[in-house]
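Q: Could you build the full structure based on these sequences and the hints that come with them?
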Amino acid sequence: LRSALSTTEKVVVPIGSSVNGLGSKNSDLDIVVVVKQHRVRAMKFIKVPILKFRSCDGVNVDLQFNNIPSIRSSLFVRTCVEFSMIVPINIHWINSFFKAAQLKDSRHGLFSSYHLNMLALHFLQATPSPLLPDMISSYPYLQPTVPWQNVAERLTTEPFIQAVFRTKYSLYSSEIFTVSYLSVYYAVGHM
Numbered sequence: 001l002r003s004a005l006s007t008t009e010k011v012v013v014p015i016g017s018s019v020n021g022l023g024s025k026n027s028d029l030d031i032v033v034v035v036k037q038h039r040v041r042a043m044k045f046i047k048v049p050i051l052k053f054r055s056c057d058g059v060n061v062d063l064q065f066n067n068i069p070s071i072r073s074s075l076f077v078r079t080c081v082e083f084s085m086i087v088p089i090n091i092h093w094i095n096s097f098f099k100a101a102q103l104k105d106s107r108h109g110l111f112s113s114y115h116l117n118m119l120a121l122h123f124l125q126a127t128p129s130p131l132l133p134d135m136i137s138s139y140p141y142l143q144p145t146v147p148w149q150n151v152a153e154r155l156t157t158e159p160f161i162q163a164v165f166r167t168k169y170s171l172y173s174s175e176i177f178t179v180s181y182l183s184v185y186y187a188v189g190h191m
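Counting from 1, one number per residue, gives the positions in the sequence shown under full-length UniProt numbering.
Do not take every clue at face value.
As the list claims (entries may be wrong) - Here are the in silico distance ranges between beta carbons for each label pair:
#1 V12 with Y114: 19 to 25 Å
#2 Y141 with F53: 28 to 34 Å
#3 I161 with H92: 42 to 48 Å
#4 T127 with K52: 35 to 41 Å
#5 M85 with Y141: 18 to 24 Å
#6 K36 with A126: 35 to 41 Å
#7 V179 with P69: 25 to 31 Å
Said to hold, decoys possible - In silico SDA-like pairs for lysine to any residue, Cα to Cα no more than 20 Å straight-line:
#8 K36 with N67
#9 K52 with V35
#10 K36 with F65
#11 K10 with N150
#12 K52 with S18
#13 K36 with Q64
#14 K10 with R154
#15 K10 with P69
Honestly, the hints are just simulated from the structure, not real lab data.
Note that the Cβ used here is the ideal one computed from N, Cα and C, for glycine as well.
A: Next comes the structure, spelled out in structure tokens:
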């Protein structure tokens, strides 16, 4: 791996909780290495190949190759987290709820943190009284036509901004609204 990467043009981009504002002291480090395309061979039918290892400092690292959508997704989540303090709290609540309900374990075909983050962000944007605007329409740098290199640069060079925006909802009312919305959605889907 070292010899293959030492002679290849590459860009290394941190992704996931290490850059989106949702990390904790127990979070792993997710990294995407994007290598020049003429040296890449597509492997059909394989999920995202990940190399997992532990650093000398004891940090668990997940290394992926050429996973451009995860770079875009990390900036999308980060932008949402920066928009309102309700976002990370809502995401944490949904992840905790699904974990307590034993529905969070991607290794066994259940929800992953990523799935639950997207569920929370969809809810926060798509309800009749959204707590977030349509983020992709509101922030031009989230558009899918923006070159991935620009997305990676913004993700790795722009400092994280702690959210100060206040919505018309309190934290408690937003969580009650979340539970109410998801319970109706769940009930309708399982009738």
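Q: Taking the earlier hints as the rules, which of them does this structure contradict?
A: Structure breaks hint 3 only.
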